[in-house]
Structure formats: C-alpha cells, structure tokens
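Participant: The primary structure of each chain is shown beneath.
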Amino acid sequence: MCLAVPARITEIRGNVAEVEVAGVIKTVGLDLVPEAKVGEYVLVHAGFAIQTVDEEEALKTLELFKEIMAHEVS
Amino acid sequence: MKFLSAYRDAALARSILDAIRKISKKESKLMEVCGTHTVAIFRHGIRDLLPQNITLISGPGCPVCVTPNRHVDEAIELCRRPDVILTTYGDMMKVPGSESSLAAEKAAGADIRIVYSTMEAVDLARENPDREVVFFAIGFETTSPTIAAAILRAEREGLDNFTVVGAQKLVPEAIRALLSDDRIGIDGFICPGHVSALIGVKPYEFIAGEFGIPAVITGFEPVDILQGIYMLVRQIEKGEARVEIQYNRSVPSEGNPHAMDLLFKVFEVTDALWRGIGCIPGTGLKLRPEYRKYDAVKKFGIEITDDREHPGCKCGDILRGLKTPLECGLYGTACLPERPVGPCMVSVEGTCAAYYKYGKRRE
Chain A
30 MCLAVPARIT
40 EIRGNVAEVE
50 VAGVIKTVGL
60 DLVPEAKVGE
70 YVLVHAGFAI
80 QTVDEEEALK
90 TLELFKEIMA
100 HEVS
Chain B
195 MKFLSAYRDA
205 ALARSILDAI
215 RKISKKESKL
225 MEVCGTHTVA
235 IFRHGIRDLL
245 PQNITLISGP
255 GCPVCVTPNR
265 HVDEAIELCR
275 RPDVILTTYG
285 DMMKVPGSES
295 SLAAEKAAGA
305 DIRIVYSTME
315 AVDLARENPD
325 REVVFFAIGF
335 ETTSPTIAAA
345 ILRAEREGLD
355 NFTVVGAQKL
365 VPEAIRALLS
375 DDRIGIDGFI
385 CPGHVSALIG
395 VKPYEFIAGE
405 FGIPAVITGF
415 EPVDILQGIY
425 MLVRQIEKGE
435 ARVEIQYNRS
445 VPSEGNPHAM
455 DLLFKVFEVT
465 DALWRGIGCI
475 PGTGLKLRPE
485 YRKYDAVKKF
495 GIEITDDREH
505 PGCKCGDILR
515 GLKTPLECGL
525 YGTACLPERP
535 VGPCMVSVEG
545 TCAAYYKYGK
555 RRE
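Chains A and B are the protein sequences, given in the same order.
Reading the first sequence from the start, the letters are residues 30 to 103 in this note's numbering.
Reading the second sequence from the start, the letters are residues 195 to 557 in this note's numbering.
Please keep in mind that the hints were generated in silico from the structure rather than gathered at the bench.
You may find that some hints are simply not true.
Here are the simulated EDC-like cross-link-like pairs (lysine to aspartate or glutamate), alpha carbons at most 16 Å apart as the crow flies [unchecked claim]: (1) Lys-432(B) x Glu-101(A); (2) Lys-216(B) x Glu-101(A); (3) Lys-196(B) x Asp-83(A); (4) Lys-196(B) x Glu-40(A).
Build out the structure end to end from the sequences listed, making use of the hints.
Facilitator: Below, the structure written as structure tokens:
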C-alpha cells in the first residue's frame, strides 16, 4: 500500500507534473512537493509526488557504507 | 537510474550477508512494520538467507489489513445508496466486511469505481455534480497527505458532493503499543521507508529513548533491506539503541514538513480501532471541525453497531507478530487468496498473502 516509485520530472504545469517511470509518462500531483524541479527525481505514491530523491546522495552513502562495513568486519 | 541498479547488486548483497553472519551472535527478533517490506523480504528470499539466530517477523504494516470491519461496513452501507459513487483503492474491494464486501456489492449493481489516486475521485465529483462521490480513505502517513490534498482541492473548487470515509492510521504510536506488549519481545525495528519520507526521524525517537530498542528507517531494494538489517544487528551486538536512517536518499531527517502541514490542516489526531488489535490511542485521524462537511459517515448519518469479525481469523495475532499464518487454522484451507476470510490474505502486502504467494505451507 505504501509502495512508491522514483520517477524523473519532465514537465511542470502549475501543481501537476509529467513524470517518467521506466519510459512511461504519467501525470502526478505536486501539492506535497511544490518546490520540485524539472529533471529531479521524486517518489510517486498514489498519483502524487511525496518526496524528492537525492540520486547523488544515494551513490555516495552506499560507497561510504561499503567502506565502513569492510572496516568493521575485517 | 544508476542508483537503483546499485541497490540491486547481487555481489554487494552477498557481501552484506557475509558481514551480517560475521557480526551477528545474539538471538535477535526484528520486526518490519511495512507491508511493502514484507513483500520485498519474501520476494528476495531474505528470511532464508539470514543466519538462524536472526528472526524476521511482520507487524501491522498494511493499511488494508488493519482496517476494521466497521469501516468496511460503513463503505458498504454508503455504496448501497443510489445517489452515491463509491471510490476506493483496488485493494479494498475483496476485504470482507461483517456480511458482504465491496466486490460483492459491485456485482450486485452498486456504483463502485476503483481509483489509483484521490484526484480521480475529485475529478469524478466535478464530472458528476448530481451524484455524491465518496472516497474510502485508508492509508498511513504516506497516503494520508494525498487525501488531505484532495479535500483541499475539492474545497478550492467549491465541490459539495465529495466526501470521505475516514479510516486512516498513524504508525508511530502503533509501534509503542507493540513495544508495550511483553509477549512480542522485539529486538529491533525495520522502520517503514515511505511513511518516514513524510514524518522523518523524530516520531520514532521514543523507540530507542524510552524502550532501548534500535530502529533503522530502511528502503525497499534488496541491498537497502540487507543494509538496514546489518545496521540493526550492529547496534544490537554493541548494546546500542539509536534511530538511524539507511534510506537517506528519500528520507531527510525532517521528512516532508509541507506535506505534514497539509495533512494536519485538514485532520487531527484521534484514537483508532485496528483490526484484531483493538483501540490504539493516538493512531487515528479525524477531520478538523472546519472540514467535517467532508465526512461521509456524518453527512449520511451512517451508524454501524453490529460489526463483527470472523471468530476463527487470527489476523489480529498475526498483525502483532504473535502468530505466523501457519498457526492459523483457516490459512490455506478456508482462507485463500481467491476467497479470503481475513484482510491479511486479501491485500497483496498482507502477511498471509505473502506467505501463500511465496510458498510457505504447513509441514
């Protein structure tokens, strides 16, 4: 029920946005993340963007975690 | 989406599993309180991959499963009115009420429409000014702001034929209720990633602060889940208790304050009835006085007094992690995905449905 998928914003019109999920374009409400910008990833749940997704942070923290884990179990 | 493939990397998943095996010594019972986690854990076979001293149990993480019959009965009563178009998420269609279900009512001629978004319900209200469009509002903090946004949109457009049956729930105080039940004995919480994307870290701090139990806000890809488990095990083995965020690409520590402001502009906190568990204080939402005109149950004077749940159904114990589906006499016999008795078998994210789909049968 709380399933949400990351999607990239391709266009913004007022408080709705066109987003792309795996090649499919969908229209979602931007009421909950009005500051989101074209090109950003957002989490889409039940027809609304509910949060922005930080792609760089994702990769950076994963690398950091790998280093910490390797140090802890060595 | 490069970051998604990184979180599905099999070699990395294996190395985290190895690391968990190396550091984990204590008997540890970890609970996930999100149905999306339950399904992901089964889909990736994570329960079977973990060392035997780590047990994963499923909590009350599916809004469909925890909706008591009273609200299903209210929706059924409303859909029987010829002036009503009842709109609902698809998951609620087959949930049995005390005597019927929305699927049975639709087959009998009721005008019930499945919607993906609350906005579709608002669109229907605009397109059908001579009908009353009622939305069956279920969900946790992930979904409830979208329900508030729909009510605010209906208000802006001056639609007076849009109302909701409010059955939403709040997660943190339900976790407190689980922690206060000595029979369950949880050593760590895998906290729900998408609820947390809205509420942030603070509402979980009592888990560590008051109960001394570690909690990790976790994402839904296989590497996310294993990393979350590793972070929990690390705390457990060191005797620490903190709330950590594994899923930080989508969960800023403050959550989404704008969405929560919208939610609490329209709703206020109340107590709520959870199926099979009973009333949990501070886990429900009711419309604020200035928005009560959007309450379908009040508007149509619906009063359900004879709601009852199936006496053999163990969903209540399963939702609290006290029993597994294999310990329910109805599981796999009288209760099957095609004719469910309890909601944990109806919803694709219910514990019983996940057990059944991924082949867990009695010996």
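Participant: Take the hints in turn and mark each one as holding or not.
Facilitator: Taking the hints in turn, this is what the structure says about them:
1. Annotation: proposed proximity of Lys-432(B) to Glu-101(A) holds, straight-line Cα distance about 12 Å (limit 16 Å).
2. With a C-alpha separation of about 10 Å, the suggested pairing of Lys-216(B) with Glu-101(A) holds against the 16 Å cut-off.
3. The suggested pairing of Lys-196(B) with Asp-83(A) holds, with an alpha-carbon distance near 12 Å, which does not exceed 16 Å.
4. About 21 Å separates the Cα atoms of Lys-196(B) and Glu-40(A), which puts this hinted pair outside 16 Å; it is violated.
Consistency with the previously given hints fails for number 4 only.
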